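Asks: Line order of the protein sequences matches chains A and B.
Residues in the first sequence are numbered from 1058 upward in steps of one, following the numbering used here.
Residues in the second sequence are numbered from 828 upward in steps of one, following the numbering used here.
Honestly, the hints are just simulated from the structure, not real lab data.
Heads up, a few of these hints could be off.
Covered stretches of chain A (in silico footprint by chain B; criterion: 3 or more residues with CB under 8 Å from a CB of chain B, positions within the stretch not fixed) [stated by the list, open to error]:
no.: 1; stretch: 1068-1076
no.: 2; stretch: 1081-1093
no.: 3; stretch: 1101-1112
Bear in mind the structure is a predicted one, so any value in this text is a computation, not a measurement.
We put the beta carbon where it would ideally sit given N, CA and C, even for glycine.
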Amino acid sequence: MSGPEVVDARGQRCPVPVVMVARAVRGLPDGTVVLLYADDPAAAVDVPAWARMRGHAVTAAPADGYTVYTVRLGEAEEDAGGGRDRST
Amino acid sequence: MAHNDFRPVSGPAVEGLLDAARGPLHPVAAQTLMAALDAAWADPTRRHPPGRRARAHLDTARDVLAGALGVRADELSVHASAEEALELGLAGLRHGRRRVGGRVVASGVERSVVLLSPGVTDSVPVDRQGALDLGGWAEALAEPGVAAAVLQTANGEVGTRQPVAAARAVADEHGVPLLLDATASLGRDPLPADAGAVVVADAASFGGPPLGLLGVRTGTRWSLPGPRHEAEHGRAAAAPWVPLVLAAAEAWRQGADGHEADAAGARELVDRIRTAAAAVPDTVVVGDPNDRLPHVVTFSVLFADGEVLLDELARRGVAVASGSACTSSTLRASHVLAAMGVLTQGNVRVTLPLGAVSPTREADVERLCAVLPESVAAVRERLGTADL
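For reference, chain A alone in the conformation it holds in the complex (with noise of 0.2 Å):
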């Protein structure tokens, strides 16, 4: 068995990366797991933020100059945060 997919978005600015993963992940089945790898600051924020409309779990861990996202498809848990998004 292979490992999970990985979308390797590093050098792409805001919004790409998050355009990326999405479209990488467009019909796999919940419970899927994506790597992304990204260096956009604005991903730390971003990719989180769409994961979160999407109901998917996402956890960040640096790695050697940037930052791989992995993306638990369909999976998110409560929201913490004290907001509540609106979302499709």
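Position chain B relative to chain A; hints supplied.
Replies: Showing chain B alone in chain A's frame:
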């Protein structure tokens, strides 16, 4: 016209202006400014008649502006910019309490000039609406070596009001003086009563020229390092240019009776924008929907580029601002949106002008609401994200 003539022939249109963080002057304040060019041009520190006349005008204007901030005239100084007044206000608190320590407690959504000030090491978190985490605030204030705390009345980017009275009470408990930053709110939203040892405002928020207003209440331990300055109660190297101060005072006087009605109108218009933006697919309206400034709203559009969206809206006749990193003027997204943990891409920020400054503001809001869906669609089309 000669090539060395710098007179502008006509100004940019106010019509379509929905980014009034720095708007045009209130029209009566503009008239006052013109009149003051003749009447109050002199250096108010001079003893000759024109100087005394300028001094008298400055005193009158200071009375009016002190009233706006809820301080006494001898507690108010006027500075070249709100940013300068914020830096100075903090520096004075910090120097005045240097024996206690040098730390400054600030929320993560304070203005950049505050967060970059000496002593602000790490900031207190906010919730997803942008409201201060009072628990974190109390923890930060309980640590040793805190010289001052700074909190805004409300955020100028997302509109969310801060729990000023509660935050003040915690600061009082620890004997830490609070600087209240009202630069986004004065004239648009009532000032919390007696809320800070130091209060800072910007005359631009109520239709005046951009001018920093610094109120330091009597009894506050506040002083600046170095030799004492001559002007503005020892706080400034030079006296302000009196015509600008007169224009600021005029803007306040013109608006003072109408602020409540103007705010009610703005609140209703912002509600319309919030509703229109929320109806666009994958768009997040951020900030507190109710406990907010009446005239500010921000929303972010997924799979959209902030700069392109601004251009699409500008092509359709509305001028807005953006906190996205995708705009060429900045590499980083708004630190306010980041601190709140909300989407930063495709960000649109609206700051409604006063009704007296822009008679077309309701029509402009209607236009924004009408053209927003097609503008977003155009951006997603260009980015190839319409199918996502």
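Asks: Which hint numbers doesn't this structure obey?
Replies: 2
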